[in-house]
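With the sequences and hints as input, model every part of the structure.
Listed below are the residues making up each chain.
There are 2 protein chains.
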Amino acid sequence: MTLIENNDHKAKSILNTLYPRTGNAWRIGITGPPGAGKSTLVEKLAMECVKHNLSVGIVCIDPTSPFSGGAILGDRVRMSSLFLDPKVFIRSMATRGSLGGIAKATKQMCDLLDAFKKDIIIIETIGVGQVELDVAGIAFTTIVVLVPEAGDSIQTMKAGLMEIADIFVVNKSDRDGADKMVMEIQSILEMKDFDRIPVVLKTIGTEGKGVTDLYKSILEHKDYLKVTNKIKQRMQSTIQTEITEIVQEHIDKQVWRNPKIKLALNRFIDNIINGRQTPYHAADKIYAIWKKLGRKI
Amino acid sequence: MTLIENNDHKAKSILNTLYPRTGNAWRIGITGPPGAGKSTLVEKLAMECVKHNLSVGIVCIDPTSPFSGGAILGDRVRMSSLFLDPKVFIRSMATRGSLGGIAKATKQMCDLLDAFKKDIIIIETIGVGQVELDVAGIAFTTIVVLVPEAGDSIQTMKAGLMEIADIFVVNKSDRDGADKMVMEIQSILEMKDFDRIPVVLKTIGTEGKGVTDLYKSILEHKDYLKVTNKIKQRMQSTIQTEITEIVQEHIDKQVWRNPKIKLALNRFIDNIINGRQTPYHAADKIYAIWKKLGRKI
Numbered sequence: 000m001t002l003i004e005n006n007d008h009k010a011k012s013i014l015n016t017l018y019p020r021t022g023n024a025w026r027i028g029i030t031g032p033p034g035a036g037k038s039t040l041v042e043k044l045a046m047e048c049v050k051h052n053l054s055v056g057i058v059c060i061d062p063t064s065p066f067s068g069g070a071i072l073g074d075r076v077r078m079s080s081l082f083l084d085p086k087v088f089i090r091s092m093a094t095r096g097s098l099g100g101i102a103k104a105t106k107q108m109c110d111l112l113d114a115f116k117k118d119i120i121i122i123e124t125i126g127v128g129q130v131e132l133d134v135a136g137i138a139f140t141t142i143v144v145l146v147p148e149a150g151d152s153i154q155t156m157k158a159g160l161m162e163i164a165d166i167f168v169v170n171k172s173d174r175d176g177a178d179k180m181v182m183e184i185q186s187i188l189e190m191k192d193f194d195r196i197p198v199v200l201k202t203i204g205t206e207g208k209g210v211t212d213l214y215k216s217i218l219e220h221k222d223y224l225k226v227t228n229k230i231k232q233r234m235q236s237t238i239q240t241e242i243t244e245i246v247q248e249h250i251d252k253q254v255w256r257n258p259k260i261k262l263a264l265n266r267f268i269d270n271i272i273n274g275r276q277t278p279y280h281a282a283d284k285i286y287a288i289w290k291k292l293g294r295k296i
Numbered sequence: 000m001t002l003i004e005n006n007d008h009k010a011k012s013i014l015n016t017l018y019p020r021t022g023n024a025w026r027i028g029i030t031g032p033p034g035a036g037k038s039t040l041v042e043k044l045a046m047e048c049v050k051h052n053l054s055v056g057i058v059c060i061d062p063t064s065p066f067s068g069g070a071i072l073g074d075r076v077r078m079s080s081l082f083l084d085p086k087v088f089i090r091s092m093a094t095r096g097s098l099g100g101i102a103k104a105t106k107q108m109c110d111l112l113d114a115f116k117k118d119i120i121i122i123e124t125i126g127v128g129q130v131e132l133d134v135a136g137i138a139f140t141t142i143v144v145l146v147p148e149a150g151d152s153i154q155t156m157k158a159g160l161m162e163i164a165d166i167f168v169v170n171k172s173d174r175d176g177a178d179k180m181v182m183e184i185q186s187i188l189e190m191k192d193f194d195r196i197p198v199v200l201k202t203i204g205t206e207g208k209g210v211t212d213l214y215k216s217i218l219e220h221k222d223y224l225k226v227t228n229k230i231k232q233r234m235q236s237t238i239q240t241e242i243t244e245i246v247q248e249h250i251d252k253q254v255w256r257n258p259k260i261k262l263a264l265n266r267f268i269d270n271i272i273n274g275r276q277t278p279y280h281a282a283d284k285i286y287a288i289w290k291k292l293g294r295k296i
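Chains A and B supply the protein sequences, listed in that same order. At position 87 of the first sequence the residue is numbered 86 (numbering that gives the first Met the number 0), and the sequence of numbers has no breaks. At position 164 of the second sequence the residue is numbered 163 (numbering that gives the first Met the number 0), and the sequence of numbers has no breaks.
Rather than coming from a laboratory, the hints here were simulated on the basis of the structure. One or more of the hints may lead you astray.
Where chains are identical, the list cannot tell them apart; a pair therefore holds if satisfied intra-copy or between any two copies.
As the list claims (entries may be wrong) - DSBU-like mimics (lysine-lysine), calculated; alpha carbons at most 35 Å apart, straight line:
| # | residue 1 | residue 2 |
| --- | --- | --- |
| 1 | Lys-208 | Lys-259 |
| 2 | Lys-231 | Lys-259 |
| 3 | Lys-231 | Lys-290 |
| 4 | Lys-229 | Lys-179 |
| 5 | Lys-11 | Lys-284 |
| 6 | Lys-86 | Lys-221 |
| 7 | Lys-215 | Lys-229 |
| 8 | Lys-221 | Lys-231 |
| 9 | Lys-252 | Lys-191 |
| 10 | Lys-179 | Lys-191 |
Laid out in structure tokens, this is it:
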């Protein structure tokens, strides 16, 4: 897992060997704004899975500064009740600021947990942003967790988040406005076109209330995807993204690590600052150099 | 601008022609969580610039669903007081879900406004996420706007946002906790290593309070970057990112639009789903096909 996170080339050969063992785990994405109680809900959902004799792998994606590189929350301080359970494995992953990289690394973490025969994999994203949307592309069932007070911001959030959810959860539903929030989500959903209208559930994560219903909804969604064979579409698009990213990363490395191109790039940047060249011209030149290098790279 | 937003190839040649006219505008990035009052502050800051006889270009980056494609807020409903001012130009830009693309398009919008002799360019990002951080890389002065109530979430936000700010603004500072918030930011800043410790200011955007100080702080920061020649570093890194993105986009197109590769990709995806191949193997094969095509592409 550390090899994957560090994008070490050894990870590739390990994953390549293990890949044929994958394909059994159900991959669940849990996302939503900070403070929605996602961690607690993940903890309770994992316990529910264990109760049904399923093994669980949890991947937490921490928001990391692209500048300082440190994860805010470590897995040590989170989900304390699960740490001693042999059926649950938890791994936090720092995001390192590279977005394409996160989606790929998360997919690879899931593949690894899948190969080690976890029945359920829960991917939790901390914080809001593109990461959430990317990660949803890896999950088979995506759960968006909101709180009653999020009403004000639902207009802002619905872009993206509304479309990726297979299940909505209004957590901390003992607070004021929970039913209003459920209705608001439902009314937004009604305006849209779905093959299957997402379920909206209420939970109280800290008390475990509604978690059994959430578990059932996940199984229902799993059945739906399998019966309609929509699972194949989701897998196709995930795999396509993954292959594309691996190839592009490889090509990018070949291009930007080439000493001739490095040299040219630095010269061009100076030229541009001094007004003697434009970025577009520089890009054309670099492409030409690289093309000339051709098969030799 | 529409050509840029649509990534039309004609934009490239126009920008290439106009590029030599750029280099005069000071580029200011304004970012922060939704509800911090950024739009109002941008409006008042633009008015302050006009008062000093400077022309202003404003680029608003709207969060757009990568699925539905519609911007939430149009420029029509925003910053109404500025619309009739001939010295202010406002353009909203939908983000279309492509992240690298946003940074490049924003940079190009700024180049265009710069070529048309705007003195000040204000880039406002709506919503939180990677976009904010990317956009900060384009600005010369980055302002992070927070509100007194954000205290709870400052621990979450500081990842990334703390490092990109040249100036912090605690807006809506007539509310409770404004001074506490200022102190909290300052105490976090003290723990870090800076060449120049970011300024922390209080404003009340709706009343225009503190906006003159903000304007002065921007000028001070501009002087600082020029005197220390740090502006050159910022420009180098922006230009490098831009060239890299143009080249990579061009290569990616060449690769993925190639009919042989398209065909192979689809076949490989099927193989992978049926357990006969791995994504890593598929990526290697595609790279090999593409390398074989070599100079012919």
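Hints versus structure:
| no. | hint | result |
| --- | --- | --- |
| 1 | Lys-208 with Lys-259 | neither (62 Å within a copy, 53 Å between copies) |
| 2 | Lys-231 with Lys-259 | between (44 Å within a copy, 23 Å between copies) |
| 3 | Lys-231 with Lys-290 | between (37 Å within a copy, 30 Å between copies) |
| 4 | Lys-229 with Lys-179 | within (32 Å within a copy, 52 Å between copies) |
| 5 | Lys-11 with Lys-284 | both (33 Å within a copy, 14 Å between copies) |
| 6 | Lys-86 with Lys-221 | within (21 Å within a copy, 57 Å between copies) |
| 7 | Lys-215 with Lys-229 | within (19 Å within a copy, 57 Å between copies) |
| 8 | Lys-221 with Lys-231 | within (12 Å within a copy, 54 Å between copies) |
| 9 | Lys-252 with Lys-191 | between (42 Å within a copy, 32 Å between copies) |
| 10 | Lys-179 with Lys-191 | within (19 Å within a copy, 43 Å between copies) |
In the structure shown, a violation is registered for the earlier hint numbered 1 alone.
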